[in-house]
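Undergrad: Whenever a hint applies, use it, and build me the whole structure from the sequences.
Number of protein chains: 6
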Amino acid sequence: MKDFFVADAPRFENSVVTSYFVLSSFQVRDRKQGGQFVSAILTDKTGSLPAVMWDDFADAVAVCTEGCYVKAQGQIARYQGRFQMGLQRLRPAAESEVDAADFLPVTRFDVEEMWTELRGYVSRFTNPDLQRLVFAFLDDPEIAQAYRTAPAAKMLHHAWIGGLLEHVLTLVRVCLATAPFYPEVDADLLVSGAVLHDIGKIRELYWKTSFGYTLEGQLVGHISIAQRMLQEKVRGIEPFPEKLRLLVEHMILSHHGKYEFGSPKLPMTPEALLLNTLDDLEAKMQTLRNAFDAATEQGKGPTEVTDWVRSMERPLFNSQAYLKDSE
Amino acid sequence: MKDFFVADAPRFENSVVTSYFVLSSFQVRDRKQGGQFVSAILTDKTGSLPAVMWDDFADAVAVCTEGCYVKAQGQIARYQGRFQMGLQRLRPAAESEVDAADFLPVTRFDVEEMWTELRGYVSRFTNPDLQRLVFAFLDDPEIAQAYRTAPAAKMLHHAWIGGLLEHVLTLVRVCLATAPFYPEVDADLLVSGAVLHDIGKIRELYWKTSFGYTLEGQLVGHISIAQRMLQEKVRGIEPFPEKLRLLVEHMILSHHGKYEFGSPKLPMTPEALLLNTLDDLEAKMQTLRNAFDAATEQGKGPTEVTDWVRSMERPLFNSQAYLKDSE
Amino acid sequence: MKDFFVADAPRFENSVVTSYFVLSSFQVRDRKQGGQFVSAILTDKTGSLPAVMWDDFADAVAVCTEGCYVKAQGQIARYQGRFQMGLQRLRPAAESEVDAADFLPVTRFDVEEMWTELRGYVSRFTNPDLQRLVFAFLDDPEIAQAYRTAPAAKMLHHAWIGGLLEHVLTLVRVCLATAPFYPEVDADLLVSGAVLHDIGKIRELYWKTSFGYTLEGQLVGHISIAQRMLQEKVRGIEPFPEKLRLLVEHMILSHHGKYEFGSPKLPMTPEALLLNTLDDLEAKMQTLRNAFDAATEQGKGPTEVTDWVRSMERPLFNSQAYLKDSE
Amino acid sequence: MKDFFVADAPRFENSVVTSYFVLSSFQVRDRKQGGQFVSAILTDKTGSLPAVMWDDFADAVAVCTEGCYVKAQGQIARYQGRFQMGLQRLRPAAESEVDAADFLPVTRFDVEEMWTELRGYVSRFTNPDLQRLVFAFLDDPEIAQAYRTAPAAKMLHHAWIGGLLEHVLTLVRVCLATAPFYPEVDADLLVSGAVLHDIGKIRELYWKTSFGYTLEGQLVGHISIAQRMLQEKVRGIEPFPEKLRLLVEHMILSHHGKYEFGSPKLPMTPEALLLNTLDDLEAKMQTLRNAFDAATEQGKGPTEVTDWVRSMERPLFNSQAYLKDSE
Amino acid sequence: MKDFFVADAPRFENSVVTSYFVLSSFQVRDRKQGGQFVSAILTDKTGSLPAVMWDDFADAVAVCTEGCYVKAQGQIARYQGRFQMGLQRLRPAAESEVDAADFLPVTRFDVEEMWTELRGYVSRFTNPDLQRLVFAFLDDPEIAQAYRTAPAAKMLHHAWIGGLLEHVLTLVRVCLATAPFYPEVDADLLVSGAVLHDIGKIRELYWKTSFGYTLEGQLVGHISIAQRMLQEKVRGIEPFPEKLRLLVEHMILSHHGKYEFGSPKLPMTPEALLLNTLDDLEAKMQTLRNAFDAATEQGKGPTEVTDWVRSMERPLFNSQAYLKDSE
Amino acid sequence: MKDFFVADAPRFENSVVTSYFVLSSFQVRDRKQGGQFVSAILTDKTGSLPAVMWDDFADAVAVCTEGCYVKAQGQIARYQGRFQMGLQRLRPAAESEVDAADFLPVTRFDVEEMWTELRGYVSRFTNPDLQRLVFAFLDDPEIAQAYRTAPAAKMLHHAWIGGLLEHVLTLVRVCLATAPFYPEVDADLLVSGAVLHDIGKIRELYWKTSFGYTLEGQLVGHISIAQRMLQEKVRGIEPFPEKLRLLVEHMILSHHGKYEFGSPKLPMTPEALLLNTLDDLEAKMQTLRNAFDAATEQGKGPTEVTDWVRSMERPLFNSQAYLKDSE
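Protein chains in written order, with numbering that gives the first Met the number 0: chain G, 0 to 326; chain X, 0 to 326; chain S, 0 to 326; chain R, 0 to 326; chain B, 0 to 326; chain Z, 0 to 326.
In short, the hints are calculated from the structure, not lab data.
Possibly wrong hints are sitting among the right ones.
For chains that are exact copies, the list does not tell them apart, and a pair is met inside one copy or across any two.
Stated by the list, open to error - BS3-like cross-link-like pairs, simulated, lysine-lysine; straight-line CA separation at most 30 Å:
1) LYS70 with LYS323
2) LYS207 with LYS283
3) LYS283 with LYS257
4) LYS257 with LYS1
5) LYS1 with LYS153
6) LYS323 with LYS242
TA: Here is the structure:
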């Protein structure tokens with residue numbers, strides 16, 4: 000559906016193109032020489048493109064709104080060294096006209112495969128109660144739909160469509176590889192915690208045309224939302240062992256590991272401790288990947304550290320690239 | 000029912016008494032000269048009394064358990080400067096034989112009067128939805144029963160039977176006195192938060208024969224328990240405005256005010272901020288009272304500061320007593 | 000006296016206006032094509048206006064100084080989308096020509112009424128010594144003059160002319176409403192602390208044509224300044240009870256509540272604790288108001304949280320606007 | 000060699016026994032009734048036994064020293080409820096007479112098997128330089144001898160003979176299980192870090208007859224000691240790739256993960272981050288095990304949390320025991 | 000005057016002695032066999048001695064008070080391994096009968112010499128105003144008397160009679176040695192700060208028969224007390240340059256260096272920074288000395304570190320003793 | 000060699016100049032009207048100058064690299080108020096053509112004199128072993144060369160050529176002046192620590208044409224580098240007393256004084272404590288100097304505090320300038 004992406008602008012300089020975008024900014028401004036014009040920003044998953052509309056914009060102004068999809072036609076030109084579009088036509092676009100994946104960054108893995116793999120792990124549980132509980136979530140059409148598209152964060156690690164599922168799946172794999180070394184740990188319980196710990200993010204975040212926090216996300220947060228979702232699902236599959244409910248609830252409440260990260264409880268059980276540790280590790284490893292990619296884009300060489308990474312309070316260093324560089 | 004209290008021991012030296020106690024400790028030990036004896040600790044709200052049973056204790060050992068009520072008969076004597084009881088008879092006591100208020104410290108206010116006053120404030124709400132919500136809690140017989148007896152803490156401030164109700168009532172009064180000065184604050188919403196913020200303590204704590212944390216209290220905590228109780232009650236009075244639910248939930252989740260105190264959220268609304276401030280003030284004022292009482296018991300004079308108060312990281316000073324001393 | 004304000008510029012485009020301003024910046028610069036010109040910034044309580052003077056500026060340069068009042072005449076024009084003034088005349092203005100309230104933000108309450116109300120509370124003290132002490136401050140013409148105009152801060156809450164008095168008055172009202180619930184608290188002593196706790200700000204800050212810290216404010220701070228002022232006033236009304244001096248001094252020294260906020264002492268008395276709590280609450284509630292106003296100006300809707308508020312490390316949320324929005 | 004252990008005392012009450020101990024305390028004291036006696040404490044891996052020697056102790060005093068092995072003969076008796084030994088003979092014991100493992104707690108795993116398994120992992124390295132480096136340590140007889148007996152700590156986790164090897168081996172296993180999930184991680188480099196990160200502990204600690212810190216351990220610490228050992232070994236196998244040296248050194252310097260834990264560097268490479276995470280996890284899981292064992296010894300039931308664990312600032316909970324209890 | 004000290008008890012076993020003490024504790028207790036007796040603790044600078052009085056203690060009870068000097072006669076005996084005195088006579092002692100230095104630890108330097116040296120430094124000031132100011136303190140008989148006897152702390156460093164003077168004098172010496180290396184530093188100003196920074200301790204502490212905090216010390220603290228004393232003295236020598244007053248005041252207010260140590264201001268001038276640094280160094284060096292002395296008393300050898308020093312969060316190590324040990 | 004410096008631009012407006020620079024930035028860009036041009040930044044110790052090259056830049060692009068020395072010829076002109084150079088010729092410059100001191104800020108002291116003075120202090124050691132050790136460093140030609148030119152930091156204090164030597168020399172002087180007041184301190188040991196504590200900076204930093212961190216500096220840090228250098232030098236002068244090695248190593252490892260500053264050990268000996276204190280003082284005093292200079296450049300007057308100094312979390316105040324202003 001979408002033939003032209005923002006990143007294609009250099010190849011289309013001086014051409015007229017037609018494509019779909021998110022209308023990130025949309026303002027009517029005064030011209031110095033009198034009269035008005037429209038100044039807009041068009042966005043897709045490859046970047047943002049400034050746009051101006053000098054004439055006949057009354058209709059567009061009447062029907063287009065910031066944050067919505069639009070269909071735009073105009074000429075690509077360079078102004079003060081940056082590309083922009085001289086808009087000729089602009090109208091709202093229906094959701095049916097666009098593929099959301101064109102507008103927001105998206106996981107590089109196949110969602111169906113990830114989903115099947117995740118369900119496979121649950122289907123191999125030996126504890127039927129935990130299996131019933133987790134499937135009560137995964138079989139819920141509304142949850143399943145959201146779980147397969149939600150990002151894992153607004154920014155930082157896994158901030159892309161499908162990021163939540165990608166994050167959970169890699170976490171589950173490491174949980175299963177690690178659990179056998181700790182006889183104190185019940186693998187089914189651990190994996191249940193891994194699948195459900197971030198389930199509240201599907202109500203904490205919105206990710207339709209951009210990523211952000213819902214009001215419930217701001218006032219309640221994904222930990223407490225998840226706890227409420229747990230209660231709903233348990234109610235739907237009663238009788239359910241109270242002991243398991245309590246242990247799963249504890250994993251959800253403690254998975255951030257520290258009070259200052261918003262955990263109302265610290266991990267007290269072996270499963271909660273392991274889940275918190277591996278979840279944190281998974282997030283940090285993704286932060287490393289992001290920082291290494293950014294360094295490569297900046298043209299940094301293999302003997303240079305990355306820029307300062309604020310969330311980790313240090314620069315990072317790609318040891319693999321450094322070792323390979325010597326070959 | 001209970002004629003003799005631990006604090007009465009000096010007046011009964013060398014007398015034989017019969018009374019009810021909590022059996023706080025109960026052990027069979029070896030005697031130096033061979034044979035065995037029973038060493039026990041008998042507790043009521045006025046203190047603890049060591050006890051020994053030298054003979055014929057097989058039956059008592061078979062039926063008495065630590066933490067239960069017992070009926071004991073024996074002679075009060077002084078041993079190494081401390082009073083103890085030489086047990087002649089010991090048997091378990093049924094709950095119907097005792098008045099729980101005899102065994103744990105209890106509020107000095109009248110529970111019925113406090114309960115009536117609290118309900119009165121709710122009955123004067125102008126917001127019918129919030130009124131329905133709060134009464135859904137207060138009219139629940141199980142909750143009402145617990146709310147009227149629960150302590151507000153295991154130790155520290157308001158650690159006595161009825162302490163929760165006493166704490167909430169004084170908090171509500173100050174909320175009502177303060178709210179008019181802040182036009183940003185909805186008084187009904189604030190009072191709803193005040194009544195419900197600690198409701199989770201009725202499942203976090205147990206207070207039958209002593210004060211302590213339940214397993215759910217340890218693994219989940221009263222904030223998250225309260226959130227689940229809120230969800231249950233809202234479900235029972237549907238339709239209920241989602242906006243109010245969200246704002247009440249936010250007050251519960253943020254009332255500790257800081258992440259390091261176990262709040263998963265910081266207060267973001269005027270009501271949540273005011274509730275957190277006054278709840279904290281109420282607890283600290285009670286801490287002052289406790290410290291002043293302890294200083295008086297230690298025989299400290301009005302120009303002396305109290306002992307170091309660990310929860311506040313400072314000693315305290317009774318300014319009123321100091322000023323009156325000058326008269 | 001001042002007919003034209005910076006905020007009026009759009010209505011006067013291309014007109015010649017004459018008005019008074021604070022000369023916030025004043026520099027002689029080289030013109031690209033040779034020669035020089037004057038670049039200035041004119042400020043009043045509604046904003047800042049860039050100004051240029053191309054000719055005949057020698058006299059103005061000789062007599063005008065940054066930070067002073069000036070009378071300026073010139074034409075309003077738009078340059079690169081922003082308004083500026085093409086100066087034709089510029090001369091210093093005497094203080095008698097201007098009303099300071101035109102140049103700095105000012106309380107929206109009536110200073111005389113606030114002052115009368117505040118004195119009224121003191122006149123109802125039952126403790127004659129504390130009454131003598133507080134009036135020794137309020138009756139001092141120099142202090143009274145400063146107290147009625149000082150801001151409560153350079154930035155943040157109550158940063159406007161009359162802000163100190165406004166802050167203290169609302170604080171005193173809440174103190175009087177709250178004190179009856181705490182029998183440990185002496186109301187006269189508490190209100191004395193409320194009136195005097197920030198008295199040092201009249202020497203810590205300057206607020207003539209802009210807000211800032213005096214050198215004494217930087218090196219000594221308002222807490223220690225207030226302590227010295229207390230000593231001066233006590234000396235002037237001797238004999239004064241040493242006990243009261245000590246308790247008032249303690250409230251001043253501890254009112255910031257924590258060492259890291261510059262309090263050399265932590266609150267140890269009931270009055271000091273209550274004063275610190277309510278002073279902090281008052282400041283935070285004002286921060287909420289400021290944040291809500293700013294969100295409204297940014298065009299945020301009632302379901303959106305405010306921007307991140309750095310001093311409170313969170314965004315805030317206007318619950319009242321949110322509830323009303325549903326009606 | 001050692002037939003009688005401290006824990007055997009109850010079975011030998013009133014018997015005369017002869018055995019070897021560490022002389023933990025040894026003092027000559029005055030008797031109330033005049034004259035002197037020897038008061039001592041005898042220790043082995045099962046506990047400590049007070050001992051007294053009333054007569055003929057001049058020779059013993061002349062040749063026995065605190066902290067050394069002794070051979071003691073005496074009668075076991077009970078005094079004030081505790082067992083003690085009435086010493087008849089006491090003389091120093093040569094190291095050849097005793098088995099150190101009798102006197103200090105010791106790993107419950109087979110040291111030879113662990114050592115072989117560890118070397119096996121290194122022998123399967125694909126990177127010959129890292130293999131040479133690690134074997135330079137493991138093949139060093141002095142290091143190998145110490146590595147196989149050293150504890151991993153003075154107190155806390157793995158504080159027993161063989162604890163270091165046990166800790167490292169379990170860490171290496173988890174490293175190998177986890178590394179495949181992180182393509183950024185070089186497994187040989189990671190395992191090299193796991194084997195060498197705590198190597199400095201063999202000079203930081205002493206563990207002959209008790210556990211403690213050497214002077215070098217106190218003034219330098221095991222991280223910096225390990226760094227120096229690395230330099231020595233690298234020098235011995237030159238030429239060695241500088242890049243590998245730098246990356247291994249970084250893992251050693253950063254493995255505590257935080258400055259406040261004495262790490263002079265924070266983990267910046269994927270291997271350093273993973274090593275720090277899994278090392279910390281390993282230590283915490285061992286802390287859980289210790290706490291669960293202690294709770295069982297205290298007679299706590301499966302629905303009770305452990306005592307407060309100071310190093311983790313929380314009580315812990317044995318979820319497995321809790322779940323099994325329901326069956 | 001005082002012939003017998005507590006530390007002499009072993010040499011006087013079974014003798015009757017007469018001496019002066021501080022009566023640290025004084026209680027009438029019940030005897031097991033009926034009747035009462037007096038239990039007391041007698042203290043001097045060498046330690047504390049328990050005492051009992053079985054008969055004829057009515058007069059003693061009527062006139063003796065805890066915390067006062069007493070003259071006591073009795074027999075030294077050993078009871079349960081510790082020495083105690085069997086009191087025969089006990090009466091209050093007038094201050095004129097005793098030498099305070101016998102009862103509290105005292106500086107090992109000559110107070111007169113220290114005082115003369117300190118005044119000498121001030122007499123060599125080149126700034127006559129600062130000289131006038133400092134002598135206004137040192138020439139005040141009441142201050143001089145207190146300054147020459149006050150300890151520098153209740154516990155920790157320099158907690159002995161004359162400790163304040165000793166601390167200040169060594170600090171002044173180092174200030175004078177260091178100042179020449181920092182041309183930004185005015186030596187007279189620095190030394191003025193050194194002499195006056197702790198002057199508030201003469202009202203913060205009491206040290207008559209024991210060391211402790213006065214009420215003013217608790218509620219106000221020595222920093223704010225010193226500030227008030229400065230104001231009093233400046234008033235007495237007006238006209239005094241305001242600039243010097245401000246800079247001296249700043250040094251006093253900031254000399255603890257950090258908010259968490261109770262400094263209401265951080266050092267902003269070169270003199271304030273240097274004073275804070277050297278004052279802190281002086282205190283820490285004294286802490287080292289105390290720890291080294293304590294280690295020697297415990298019989299620790301030159302290769303052992305001291306016990307954990309809580310105020311510095313580490314053990315310490317006497318490098319000199321260690322180096323000498325090798326000779 | 001270098002006649003024209005960036006700071007000379009105003010005096011050479013419209014002239015053609017030829018000089019040497021560091022080529023800080025060098026990019027080929029598209030011209031709006033088609034074609035390309037070179038945009039560069041030329042730097043020397045006095046500042047940075049933008050430069051453009053419109054024609055014939057193919058050769059320059061082929062041979063010039065960012066970060067290298069270049070010889071440039073062009074005309075100085077003013078563009079949009081700032082000076083820039085219109086390049087006519089640009090070629091790489093050999094190191095032999097330039098004096099590195101022209102391109103980076105350099106100490107204002109004579110390096111030879113500082114070096115001689117520093118060696119003089121070492122030559123007066125009474126401890127021959129420490130003397131041998133320190134001279135093993137200072138006599139090493141490679142170290143000596145680096146030591147005499149290295150900066151003491153990338154930014155902040157002493158960030159200039161020769162800054163390390165300047166910092167160490169002033170530190171040694173203060174050490175020698177202070178040591179006599181602390182009999183616990185061995186002056187030779189202290190000065191050895193002062194000379195060697197920052198020696199790792201010669202490998203942690205690079206300072207050829209700009210200041211920055213080496214990869215080893217990032218991954219290992221100057222403390223651990225210094226420790227390794229110490230080991231190398233000790234090995235070269237064996238036999239060397241182990242005790243001295245341990246104490247010097249401890250000083251190096253602990254000289255940052257706190258864990259959070261990257262010290263793996265806290266100062267435990269008197270020398271380590273004194274070194275840490277004076278090193279920190281020296282850095283802070285230099286920070287004050289820098290802030291005072293910056294304030295002067297900003298045109299601040301003697302009654303104004305400096306801008307907020309982030310590393311010290313406060314503004315600073317030049318008391319000397321303030322006092323002199325009054326004369």
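Undergrad: Take the hints in turn and mark each one as holding or not.
TA: Going through the hints against the structure:
{"no.": "1", "hint": "LYS70 with LYS323", "in the structure": "neither (46 Å within a copy, 36 Å between copies)"}
{"no.": "2", "hint": "LYS207 with LYS283", "in the structure": "within (26 Å within a copy, 35 Å between copies)"}
{"no.": "3", "hint": "LYS283 with LYS257", "in the structure": "both (16 Å within a copy, 15 Å between copies)"}
{"no.": "4", "hint": "LYS257 with LYS1", "in the structure": "neither (45 Å within a copy, 48 Å between copies)"}
{"no.": "5", "hint": "LYS1 with LYS153", "in the structure": "within (25 Å within a copy, 49 Å between copies)"}
{"no.": "6", "hint": "LYS323 with LYS242", "in the structure": "between (51 Å within a copy, 10 Å between copies)"}
Of the numbered hints listed earlier, those contradicted by the structure are 1, 4.
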